[in-house]
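Keeping their order, the protein sequence lines are chains A and B.
Residue numbers for the first sequence follow this note's numbering, beginning at 1340 and rising by one.
Residue numbers for the second sequence follow this note's numbering, beginning at 4 and rising by one.
In short, the hints are calculated from the structure, not lab data.
There is no bait here: all hints are sound.
Partial chain A-side listing against chain B, Cβ under 10 angstroms, derived:
1. Pro-1399
2. Val-1424
3. Arg-1425
4. Lys-1434
5. Asn-1436
6. Lys-1440
7. Gly-1449
8. Ala-1502
9. Ile-1503
10. Leu-1509
Taking lysine-lysine pairs in the DSS-like style, the calculated list, with each CA pair at most 30 angstroms apart, reads:
11. Lys-1479(A) / Lys-1456(A)
12. Lys-293(B) / Lys-1434(A)
13. Lys-1417(A) / Lys-1367(A)
14. Lys-293(B) / Lys-1440(A)
Simulated coverage check for chain A against chain B, where a stretch passes if three residues somewhere in it have a Cβ under 8 angstroms from a Cβ of chain B:
15. 1387-1398
16. 1491-1501
Remember, it's a predicted structure, so these values are computed and weren't measured experimentally.
Heads up, the beta-carbon is just placed ideally off N, CA and C, and yes, glycines get one too.
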Amino acid sequence: MENHYAIETNELSIHYGNFTAVKDVSMKVERQKITAIIGPSGCGKSTLLRAFNRMNDFVPGCHASGELLLQGQNLYGKEIDPVEVRRKIGMVFQKPNPFPKSIYENIAWGARINGFKGKMDELVEQSLRSAALWDEVKDKLQESAYALSGGQQQRLCIARTIAIQPEIILMDEPASALDPISTLRIEELMQELKKNYTIIIVTHNMQQAARASDYTAMMMIDERRAGGVIEFDGTTRIFTNPKDKRTEDYVTGRFG
Amino acid sequence: MSSHRDNYPEGAAFYSVLRNRYRKAAIWQFLFLSALLIAIIALTALIYNVVDGAFGYIAYEYKAAPTQFTATPVSELTKEELLVILKENLSSGAYNKLDKETPMEKRSQADLLSLFLERLVRIDTKDTWSMTDSLLRGAEIRAEVAEKYPDAILELRSWITPQFLVTPMSSRAEFAGVRTAILGSLWLVGIALLFALPVGTGAAVYLQEYAPRNWLTKTIQTNINNLAGVPSIVYGMLGLALFVRVLEPFTSGSMFGVTDSNGRTVLAAGLTMGILVLPLIIINAQEAIKAVPESLRQAAFGVGATRWQTIWHHVLPNALPGILTGTILALSRALGETAPLIVVGASTFISLDPDGPFSKFTALPIQIYQWTTRAQSEFHAIAAGAILVLLALLLTLNATAILLRNRFQRRW
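Excised from the complex, chain B in its bound form (with noise of 0.2 angstroms):
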């Protein structure tokens, strides 16, 4: 046998096949690099375009002046001195209806004033403008309107207030707020919730702790594989034949007591994204499963515990975590669906907060959805306030998340 040792570049010769090898692997890395700005870039046009519509300014008249209606400015009307101009101004009517949904007394400074703007002065918004035109083009706009709308008032406004988390829904973009869609979508994933989680962690342990190898097997678990793939329209169809129309006399409440319903409520959409998010929490409660070791059910069947025993004592205990993590993150994606929503058929204009699990209800991604379809450019900005608090709920969704598997993580 001949040795190759000569066959193998060395000095001068090996530092040429050397300078080779680093210049591909430099190659490589730019185009790694290259990939991981482009991620970057295209997330930070992402937020940028809705923090862009969330702020900016606004041009506005009042129809009819405030000095109409009291000597004093706008800015320091008191709880007392408004309760008396809406009291004054007002029908009967209106007046009555509004004592109705809350009483007048009860409701705040803030909203009073807000009533008093609505309903009295009217704000009739001329135009807005993106964060960026109104950082830039200041000058500019300002001429524009001083010319276009010489009796409008221009101010910087922030679209996403803490008002407008607690206003609900409003034909009027300017008093319009996200109380409603916040609630449902709540509604909605809790429901979810209730339902998917006893329902995947059973499947899960059965398909895991008891469930035979076999072929039978095998094909329920690729199509619970391939479930969670199916677009989710197509769990909006699936909920509409059978949670509105099917059990409509369960999701409607009817053959509870309840009369005023038919079958689209935020019962029948939350059992649909609880359907929808189950092979989710499916395959996250296996793979939870899965991690538990062998040695400790091993452990447990060598002193003699039974099968389930050692399920409810050491698999469930440990995988727990694991199982509560996944379902958070798959109730993250039932947040934002919109689609199963649409077929389901939320209300796309609803001001009542949902008060039980019969109740028509909007959710968030609805509410996005329906204002970017409006013409006039005061609801694109509310709804890229409301894009923020949707995304402010799956952070905080997909944090907890983190900080559960963090907090319980074991090392075996």
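Next comes chain A alone, as it looks inside the complex (with noise of 0.2 angstroms):
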């Protein structure tokens, strides 16, 4: 039987020592969507959104209970590494942080060190491509990546995280460090990348979320200060008519 979800949680919990920083999540992210988390400062989107691919994992204390499902595969299970967890899932972060490399090594580095064994410079090619980065870059791959603008790295960072093919690309507030026009062009290539990617992406923009994505999570932390997810939805019925009367006061601006 084909799942449409690309990923599951079941009462996903992540804990920093003794504190509960998020608290039993259960929610199904549809395949080929871009699913937002969005909610309060503090809430801890970024936290959930770490745990998917288990960059919580390098935090002291940090742990996780609960299910992480892929393929019916939990991915805090024994048996799984998490290195295999970040290659299938990718990660692009809040700012640009591409290697002090070329251009060509940022994409080339990941692929090589999880043994690609097909043509380099094909697989540079394709996924500069993909991130709608070639055209500007194609006569200066052996250049610094630093010498890029800040919306051109992010888009190279992008590009970094196709080329290990993951399945799921998280986004941690990817356009939050940048200019409103690179912000543009990141959401415009969001639209480009679900034809073959499920996105998951935090944002502080309403408007982002609203604009550009399938679905929303609406995070908010309860009288202990654990976050969880209020409402998750169709993005179009989270902003017109939620549920919760905390959703609808904070996409509305009369709060957070």
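Both chains are given apart, each in its own frame, so use the hints to dock them into the complex.
Structure (structure tokens):
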């Protein structure tokens, strides 16, 4: 049976020591759609996003409970190596963080360490084309990635992620450090990418979530400061006719 | 709520307060300037003191007149003439010994000339004067010499010369050089580098990238910081006990078939220096590794890199300039250390170049220490010369570190 969900969480909670930062999140993320996670500052959006590819493993004292299921397999299971999780679920960060290497090497490095056996030049070109960056950099592939503008650097980071052919791409406020034009280009790019990839994006920008996503998860902290998803639905519904009063207050700007 | 506007001074009252504020500021500014001037004066005095000793008048007599050996004036003697003179006048035993050290034909004219002056003419230094005295009291000195040592030759001399750098140790200050000491110091620093750079970097990588943050790591970290401040003589005691005594078969080379040596070798001293600078290198390397931004590690992990791949391909290459800079600065400390070398047994008189890790050795600070404790003023003069050599070496090392830092500095 073809599962049309890319990834599911089942009562997933994330703890820092004794403190529960994100509590009992159960959501099913649909394949080849863009799912936005919104909510006020400190509600655990980024923590939840980083739980999807086990980036939280690097935070001392941080651990998860519950299940994170990729094709029925619990990614927090004992037999799963987090390196494999990050190979299959790529990540684009808030601030563009290319490697201090050439543009070409930024793409090729991830492929090489993961044992890529195909033609590297082809992979680099294809990844840069997919990230709508090829025409701008094709004549300077050997130049430093640091010579690119912020928006170009972020698209390079997206190309770098595409190159390892993940199933899901996580984006942690990918446009918050960019100007409006670069932001728009990233959003257009996301619409192209969703033909092949499932995208989960954390954003502070309400218009961005409304414009660019298919589904939206609304997060809020409870009285014990643990974040949770209070409503998860189609983006149109969340922004026009939410069930939860708190979601309505937030998306209409009365709160947060 | 009442307005506080009236509670602030205005007009003349404001200016009165302002003048008061400027006065206080001026006092502090003056104090800071004085502090800077004290530092500058101290440094200038240091340099002056060394330079003052390294140049100046020397009054000497020949025990045997050069005319006894040759009719040619000393300054015009050629290499061939000198060879003949030495062959004719030295005892055959002494000549053969010199010939065995370095064949006479292969020696330079300057070398032969100093042999001629040292062995045959035999210079007898009567007195030396500092640079300041020589410049300010020239006439007085000339009168004094003419009266006390009528046969003496008085000349202005720089104690630091190219010859001084390439001549080995001698019991006569006029003919002594720092060649053996420079080579010994370079061997020491080289061995310390080979030991401390890989070990220090490895420890720093483990502490920064692998070790969990718990009480044990914190204790280790605190101890490393404290070790960096332990007096160097303590490291000397450690080196004596560990490298000279316990590990003697290794440091003397006897387990490699070297027979003519005990544990007091340049290897034992170099390892002691390596241990001495190890905490400094660890701390510097940790700082360099810390300076690599977290976002770079995340980028690598994000594309599925293992921790080792992240460290090897990104953290270490980007931390390397910082690690090397820190290492060079740590080594410049090792270059100037004296106490541990005395304890592990540096030779105070040795004229043979160190030719391997199992050689006996001396080092610049040891030579300086040894010469300054001698009674004759000419030894104080060559000690000043040796200090200038040591300072030049230190400056070169530090300049290399600065160049390295500027060349590879990265803006994130």
